[in-house]
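**Student:** Chains as they are written, first to last, in full-length UniProt numbering: chain A, 1 to 288; chain B, 1 to 288; chain C, 1 to 288; chain D, 1 to 288; chain E, 1 to 288; chain F, 1 to 288.
Each hint should be verified, as a subset may be incorrect.
For chains that are exact copies, the list does not tell them apart, and a pair is met inside one copy or across any two.
Said to hold, decoys possible - In silico EDC-like pairs for lysine to aspartate or glutamate, Cα to Cα no more than 20 Å straight-line:
1) LYS241 / ASP213
2) LYS241 / GLU192
3) LYS6 / ASP273
4) LYS241 / GLU191
5) LYS54 / GLU223
6) LYS241 / GLU208
7) LYS54 / GLU192
8) LYS6 / GLU223
9) LYS241 / GLU210
10) LYS13 / GLU225
No lab work stands behind these hints: they were computed from the structure. Since the structure is predicted, the reported quantities are computational estimates derived from the model, not experimental observations.
Number of protein chains: 6
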Amino acid sequence: MFSHVKELQYNAKPSQPDPVYAKKLQEILGGQYGEMSVMMQYLFQGWNCRAESKYKDMILDIGTEEIAHVEMIATMIAQLLDGAPAHDQEQGAKDPAVEAVLGGMNPQHAIVNGLGAQPNDAAGYPWNARYTIASGNMLADFRANLNAESQGRLQVVRLYEMTTDPGVRDMLSFLIARDKMHQNQWMAAIEELEQTQGAVVPSTFSTEHEIQDVAYSFMNFSEGEESSTGRWANGASLDGKGTFEYVQNPGANGQKPELKPSPAYIHGTPPLDMRIMQNGGGIQPNQQ
Amino acid sequence: MFSHVKELQYNAKPSQPDPVYAKKLQEILGGQYGEMSVMMQYLFQGWNCRAESKYKDMILDIGTEEIAHVEMIATMIAQLLDGAPAHDQEQGAKDPAVEAVLGGMNPQHAIVNGLGAQPNDAAGYPWNARYTIASGNMLADFRANLNAESQGRLQVVRLYEMTTDPGVRDMLSFLIARDKMHQNQWMAAIEELEQTQGAVVPSTFSTEHEIQDVAYSFMNFSEGEESSTGRWANGASLDGKGTFEYVQNPGANGQKPELKPSPAYIHGTPPLDMRIMQNGGGIQPNQQ
Amino acid sequence: MFSHVKELQYNAKPSQPDPVYAKKLQEILGGQYGEMSVMMQYLFQGWNCRAESKYKDMILDIGTEEIAHVEMIATMIAQLLDGAPAHDQEQGAKDPAVEAVLGGMNPQHAIVNGLGAQPNDAAGYPWNARYTIASGNMLADFRANLNAESQGRLQVVRLYEMTTDPGVRDMLSFLIARDKMHQNQWMAAIEELEQTQGAVVPSTFSTEHEIQDVAYSFMNFSEGEESSTGRWANGASLDGKGTFEYVQNPGANGQKPELKPSPAYIHGTPPLDMRIMQNGGGIQPNQQ
Amino acid sequence: MFSHVKELQYNAKPSQPDPVYAKKLQEILGGQYGEMSVMMQYLFQGWNCRAESKYKDMILDIGTEEIAHVEMIATMIAQLLDGAPAHDQEQGAKDPAVEAVLGGMNPQHAIVNGLGAQPNDAAGYPWNARYTIASGNMLADFRANLNAESQGRLQVVRLYEMTTDPGVRDMLSFLIARDKMHQNQWMAAIEELEQTQGAVVPSTFSTEHEIQDVAYSFMNFSEGEESSTGRWANGASLDGKGTFEYVQNPGANGQKPELKPSPAYIHGTPPLDMRIMQNGGGIQPNQQ
Amino acid sequence: MFSHVKELQYNAKPSQPDPVYAKKLQEILGGQYGEMSVMMQYLFQGWNCRAESKYKDMILDIGTEEIAHVEMIATMIAQLLDGAPAHDQEQGAKDPAVEAVLGGMNPQHAIVNGLGAQPNDAAGYPWNARYTIASGNMLADFRANLNAESQGRLQVVRLYEMTTDPGVRDMLSFLIARDKMHQNQWMAAIEELEQTQGAVVPSTFSTEHEIQDVAYSFMNFSEGEESSTGRWANGASLDGKGTFEYVQNPGANGQKPELKPSPAYIHGTPPLDMRIMQNGGGIQPNQQ
Amino acid sequence: MFSHVKELQYNAKPSQPDPVYAKKLQEILGGQYGEMSVMMQYLFQGWNCRAESKYKDMILDIGTEEIAHVEMIATMIAQLLDGAPAHDQEQGAKDPAVEAVLGGMNPQHAIVNGLGAQPNDAAGYPWNARYTIASGNMLADFRANLNAESQGRLQVVRLYEMTTDPGVRDMLSFLIARDKMHQNQWMAAIEELEQTQGAVVPSTFSTEHEIQDVAYSFMNFSEGEESSTGRWANGASLDGKGTFEYVQNPGANGQKPELKPSPAYIHGTPPLDMRIMQNGGGIQPNQQ
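In isolation and in its complexed conformation, chain A is listed as follows (with noise of 0.2 Å):
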């Protein structure tokens, strides 16, 4: 269950409305990488936990932050948009300044939304679930976590850059504070786990019913071999188990595919034979 608190987790005020920026927020709100994405994300991995309580405590603490992170954002786009000039100037008096306002906002953001925010990302296009994951494996859904906290940092950086605004250049200082910790907090998690089970997902899979020949190489799919000088294709492997190997010709091992005709209820292309005798009658499957 959850409850309430009606001040902000921090200040969301910006010094003066800008509908275009209001726009450009919007990603870091309804996007790919955006909070929707790791609220949801984590909300579904804590109730889904079947993993000793710390790990679900940890994880429901950190989706509940970030609702607020959600109402944080959503709190400065409406405040963005605050008096848009969202209708028609009279005939003669077209301001260009008004015009490239108009131009560069997002219509949704009136036509829709009354001057609020919206679940969208900076496109217009819906947050949808498939932006989480959360699988019952812990350490691969804490390599997903911390994937989603270096791209959702690296867009509010970017994102910080647009705009000199002291309002809202102070709302992301602290958003880019909570996701360097957040960075820091799945490596640790992660840590914790790779240290007790290893570092490949799932660890539980038997090495014995896998290609061993392959499970250390590199290969190389192209002319030249830049890719050779990299860590990864040299030393030991990372899982402590194997050492990379460079394959400088990947031969194909597999068979030349042929696939049978499909039965005549399909209606496919029929055979060759049958295609060229057709129009004298041809296969009637539905005879009957």
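Start from chain A and add chains B, C, D, E and F according to the hints.
**Tutor:** Chains B, C, D, E and F alone, transformed into the frame defined by chain A:
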């Protein structure tokens, strides 16, 4: 530019058709973390790569390999669908086994694809590009890649458990090994980058513009404190630049938000006084 | 800001696992009118609210409750999936009952979510933000909310009929009661608004800019006249400002549309004369 | 069956082209609450209608009218796009006004649709069927319809404010009047149904299977109590069968959820003891 | 404008309910190539038509017919769902046949649609407008239409094979005939256009701005040469203006791409030298 | 299996950056008819191909070429974005030209992709797999391919008109030529198939199961008869097996649909008599 080798990278021959399993196998072809996702993610990361050429080459090598994995799984699915009983039986002779197959298979495999693979997941949901990311920041993207290979290998392993067909298992054993390599590969590339630029993405944002107070604090947004016992709440932070702190009762430090009424031309809910007097006239912003 | 209480709002314990029912229950979690929809719809309406604070508070109170409902259903689904037989049986010992379960359950519950709830509907389609609305006009939005609670309660009732599990029914009985309250709540809020501002949304648009002739006419676009006998075609209009009229043969009062040919640089179908002479030369807009 | 009348239902002629406004007008054509949504929603409700024929006829009459509205708006958009400057100007002669138009118009109107309307909204997002509902319960569905006409009229009014073109305003004045009628129509139909069957959807579920304690309680999930002063927390409930009650501190009455570990073949995070001993072997569910 | 005729265009009466088949039949109602697609595609092509009126009229005539086809199939589906066993049986008396039906039917048909048709496909995926095209170039669009009628008829035929219900087959026999006509119709319209303007779309682009060398070459991007034996690699090109050529080893004629580093404010991966010195300071683009 | 050649198939170098044009160019990369669509469509058709090997080889050759086209356009877009002014200018020095660029460019190109191409269209909508088809019937699919190449070339030509950059035009001139070849290629393959199996898809369905009366009739569903003058209403049908007929007043030959009330456990609108007596008790299907 690319060229095609007609043989598959590895065997993809089922021992017998199994249209119900074909539906499940779609997940690792066209699902959120299927082979189409890593193929497209790596290709776009490679084409957009602005770093030194060993990275571009490495990323495109693995992207090119993933096209071959898509090819193998598509070929496998087509064969699992061979001769699927996608037509009606005579009224009086319905076979429960056939019924079971028809109930469990994806009807689109017959109606839409004529017993071929489709670029969708196990629920029939089409693959889409929001499954992928190419952010221009390699450390962020390699974390996305490590996550994708972790989720992907987990799903292949689960699918391995769901069949006993030796041919299918043979192909999956190959993919499971390659996904192990790919996890190792991205871990190696991540290590290389972290060592030179630090662990937090992006590394180029000046800490003086972050709210330092909250950059290493784990905040407890629930009553109990199970979450205080993990690595994420104790000791040095993983970026080596701070110390984790556990905040038992994180406060709300922002304003209690109050938004201004919208302008008349937005036709939001009118302010209270106007709402009440309205039946006698009301505001009419569109008079001109 | 939000905080989490570890206990659920109400019991969510099935008497026994039922993975097939888990698939169906997803509808009221992540479907068009599931709990995620009302949660997100109310939260965004609350955050964007520009009216007096009793409304903002009320909307956020119910939005906060809905997060708890999502939590309850997610928890229920995870337990319904406990021990789902998501793996292959030995060749010679296939159990028809197990087969039936495997055929009817959502394979993604095992492959993707590791026996956890997913933020999707009963067809596996992901929740998306276009299920919600926050328009800035409370009367419009409260009608959306009344609709959502009506569709939602209808679906919960249908799901109640589809199970006899006492634990599941217990939770549904709670949700059915809350949805009754929520219907009553929105009806009350609507009544309050309609009494002060009138029943038509938006109330602030001047009637002199409407085509009055057609503002209270029911138009019959078919041959018979069964539609003439309803309340919508007889008596005073519900906004108290007009009288319903039944138009037997509504005419077409607009032009017969004819569009100009597109400019040459659009390369639409060329006008007839150019189309004919084209092989001898044609227009070449791109010459420069 | 349907037949087409070549004249439009009402005038749809702009006074002059305006490609930037064309982009905005797409919202009421192919948006969440545009004419395509009500057209499809009413047609499917009509075709699925299992009640007496006056309802089926009424719903299909209005559904048929909505096709004509889609036609009018599509025609209007095509004319607003007439001669849009969708090509490059000579290098040295860029006109700021042309630039402004090119920046604000939807490039797909030229590239994809050759200066024609598209079945999308103002952000270019395609119309989809999850915007509609046909539930088989008319009271629920008529509430959906009343909401759709309320949101729809609100958007048309906002678009009216965004232009001064007399031809566009003429068409919108017609649509605004029809949307007023349609709101009245659904209110009338709702009143008719509520009077015979009660106000709560569905009316057919026995109250003895509801948790009565919470069926009329407003629950306060925040610290302050502004929400206690509304109609929804005081007096008789709107269904006439209960009394609203305000619950200041709603308790958590459910369990603190704890989920069992998943079976080995799911490869979720292993239980703690297995996780620790794992490097020395671990579980291997796939051995056979 | 449109008007509705209450009778269906043709019979749509199943001999008996079959909820499992109802799920499959959804494909030709709301699928990628279902009747909703051709209905919407033709209506938008007609409304946007800028060519002479015989085309606009023809396109709208067939678009209007398609609404009737949607109506027929929706009606059929509702009847196939009549009395579907969408509720739980008594504990001790589960009927395997009922179970089978419940496993194979779409649960949303009961939960969401109350035994009515839904505007979705056989996987429950909602229809969306990106299934359609109206490009403003009739030759391009008529090819889209011919494709749609070909895929559509193929799917109807496959569904015919999947049932023996005489009532269902009767309706499908009608649709199969109409789809044959519609294929013929678009072939006729295509022939008419190709004869006056040539076969390549668009016909209005000057060939002097094409790279002529590659305008008639089949390029072999694989090792073997089976592809050299088709009509596409031999003889006169179909547009009558060139000769097919088979290129055994098509070369790469472009640059080896190298992209510049991104500016500092983008926070992409820093250039190598900056990456290395970074721990001692690094770039700080946001200092001001 | 595939291998990568580091050079591009053809030049992809703009003469100068143009971030606004980059947004438009996305259409032919990740749009409905962009290069990702033909790439994926051909690859899946090839992998699923059940006909003789010259077809499989041909389809995969062109599918492999399309990967190279995606690569070229992605590379072009990244360069068009070089140095895009995606950050805020000093307060007092806003440059109108910079503003214009910021208003017209896709903000996600900076925020999400760090000045790289994205797998989306010109409206920022992500590519999805429902843009493609692989039906197993080659004649149907080749018509899909001819359509895709027609729509695709039309869009490339329109984009050619929208720029004067010689480098961009050079690349587009190559693509326009290849699209001409690909139209010719599919026309040739279609001709080959039509000559052996007839023009109607599928050719294998027995005409005795079609309603012959309507197999060659053009039906006029409107008042005027402009549609009677086209090739589609006169002369021999294009499949050579019938004669076109123009039906002036096509009748409705089906039933007037009436659906049965739904069972009680569906909780649809109750039948009229139950609806009326309901307040005194009503049906209670869930009593047990």
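**Student:** Does each hint fit the structure? Answer for all of them.
**Tutor:** Hints, one by one, checked against the model:
1. LYS241 / ASP213: Answer is within; shortest intra-copy Cα gap is 13 Å, inter-copy 41 Å.
2. LYS241 / GLU192: This pair counts as both: shortest intra-copy Cα distance 19 Å, inter-copy 19 Å.
3. LYS6 / ASP273: neither (76 Å within a copy, 25 Å between copies)
4. LYS241 / GLU191: both (17 Å within a copy, 17 Å between copies)
5. LYS54 / GLU223: between (50 Å within a copy, 13 Å between copies)
6. LYS241 / GLU208: within (14 Å within a copy, 42 Å between copies)
7. LYS54 / GLU192: within (13 Å within a copy, 32 Å between copies)
8. LYS6 / GLU223: between (61 Å within a copy, 7 Å between copies)
9. LYS241 / GLU210: within (14 Å within a copy, 40 Å between copies)
10. LYS13 / GLU225: neither (53 Å within a copy, 25 Å between copies)
Of the numbered hints given earlier, the model fails hints 3, 10; all others are met.
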